[in-house]
Amino acid sequence: MNTVLSRANSLFAFSLSVMAALTFGCFVTTAFKDRRVPVDIHVSRVMLKNVDDFTGPRERSDLGFVTFDLSADLQPVFDWNVKQLFIYLSAEYTTRSNALNQVVLWDKIVLRGESTKLNLRDMKSKYFFFDDGNGLRANKNITLTLSWNVVPNAGILPLVAGSGHVSLPFPDMYESTKSY
Amino acid sequence: MQCCAFVLQLYYQVLNFGMIVSSALMIWKGLMVVTGSESPIVVVLSGSMEPAFHRGDLLFLTNRVEDPIRVGEIVVFRIEGREIPIVHRVLKIHEKENGDIKFLTKGDNNAVDDRGLYKQGQHWLEKKDVVGRARGFVPYIGIVTILMNDYPKFKYAVLFMLGLFVLVHRE
Chain R
1 MNTVLSRANS LFAFSLSVMA ALTFGCFVTT AFKDRRVPVD IHVSRVMLKN
51 VDDFTGPRER SDLGFVTFDL SADLQPVFDW NVKQLFIYLS AEYTTRSNAL
101 NQVVLWDKIV LRGESTKLNL RDMKSKYFFF DDGNGLRANK NITLTLSWNV
151 VPNAGILPLV AGSGHVSLPF PDMYESTKSY
Chain P
181 MQCCAFVLQL YYQVLNFGMI VSSALMIWKG LMVVTGSESP IVVVLSGSME
231 PAFHRGDLLF LTNRVEDPIR VGEIVVFRIE GREIPIVHRV LKIHEKENGD
281 IKFLTKGDNN AVDDRGLYKQ GQHWLEKKDV VGRARGFVPY IGIVTILMND
331 YPKFKYAVLF MLGLFVLVHR E
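Top line first, the protein sequences correspond to chains R and P. Going by our numbering, the first sequence opens with residue 1, and the numbers climb by one from there. Going by our numbering, the second sequence opens with residue 181, and the numbers climb by one from there.
Just chain P, with the same shape it has in the complex:
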């Protein structure tokens, strides 16, 4: 009977763990739908928007179609062919009657606009390059993500501790 109780306990732990993981995933996917953005929460990775945002700050994004892109907005965009999202401010827009828009961006802390960052021969960004517009902000919280990226040993240590905690902890 001792062996059965242990196995039940183990199943319970595994299911509990599975519930936590799937709840987190559902919340994330739900956020993606509500905000219209493929990445509703991003961490600021560079200092090009200082003193407003520093590395490690968290941004909440929306990308709703009915919100048109206007100058002054802070957009998070990806350059074609590159993975890393960039957080900069819209400097110039030219929009046609049918809604097609092309725009230029610049980081607050940069001296020049972003044309040097875009692809060779690309002068403008378009709606398809946009991950989202920054609507909310919380400082410092994202430092953990940056630490985990820069120091992989730290990431493994955190995951190991979490796994250990979940398995050992008796509810």
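Next comes chain R alone, as it looks inside the complex:
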């Protein structure tokens, strides 16, 4: 311990050890926490069209439009090890051609420090709700769930589904109006 170099070396090694221990502590203290909160989803309007899928495979597919309301209080999910929440509303359903379909309709990033109360009305979907084929028409059961991906400062990246989902049927007929 008698030269600047060896002192600097010890200091550096010690800082690294402390940082590693803190990081591990962050991870271990929040690894098994339950990050679910109740969520309220309400759908006010559903419309169905049948057009060429312009977002990719150019086949005639069902295009759904859903207008929804969301409310949730995400404050309990945040703690010292949460950097942000990636929230997404997904629709899950079964069709004749595919046993399972999941489509993200809307998403939002909530950073630590931002407002954690979600209270959204009359929201339109952010992404086009195209089916792989024509399976939305007369589909009785489309389930909307709000989930979030917890991004920690360090540690596990869990996907958590909020408790509270809503199922809705799609209409039997296509609309040919231009409006949405």
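Hints are not guaranteed to be accurate.
Claimed, not checked - Computed cross-link-like contacts, BS3-like style, restricted to lysine-lysine with a CA-CA straight-line distance of at most 25 Å:
(1) R:Lys126 / R:Lys108
(2) P:Lys276 / R:Lys140
(3) R:Lys108 / R:Lys33
(4) R:Lys49 / R:Lys83
(5) P:Lys209 / P:Lys335
(6) R:Lys49 / P:Lys282
(7) R:Lys33 / R:Lys49
(8) P:Lys308 / P:Lys276
(9) P:Lys333 / P:Lys307
(10) R:Lys140 / R:Lys83
(11) R:Lys108 / R:Lys124
(12) P:Lys282 / R:Lys126
(13) P:Lys282 / P:Lys209
(14) P:Lys276 / R:Lys49
(15) R:Lys140 / P:Lys282
Don't read these hints as lab results, they were simulated from the structure. Predicted model, so just to flag it, every value in this text is computed and none were measured.
For chain R, the structure is supplied; the task is to place chain P on it using the hints.
Just chain P now, with coordinates in the frame of chain R:
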């Protein structure tokens, strides 16, 4: 006798070095088996997943067959014919009864989905394109890898110093 002692010392150093290298390799291969992924630890290379991940963050991946791909998951995938792995989020999945799945991805920080990144005429990704799903995350640590890639002189300097340290250090 002085010469013999020196040669023994040298053998010892070389064997020691060999042990360290093979232990590291075995740990890496063991991780590959346990996680089911060909690359269980990756460094984030682009800013397309900000503010969640920045360049230099480390991701821990798994790719177990019994874990199905679902929306919202962060997947690391390779596009056919390209080497660089991409870290993005699953936006859409269509899965058949027999387990065949096709899915679409998008980076959080990108305005549009990844169809512009896929091969010409490719609209979906499949299980075979996936390197792994991100399950754990540590910030900043991977910066060293990026520095070594962007500044090759730095990489040679680090390797040289390491080699020097191992040879000169007397246990």
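- Query: Which hints from the list above does the structure break, by number from lowest to highest?
  - Reply: Those not satisfied are hints 4, 7, 9, 10 and 13.
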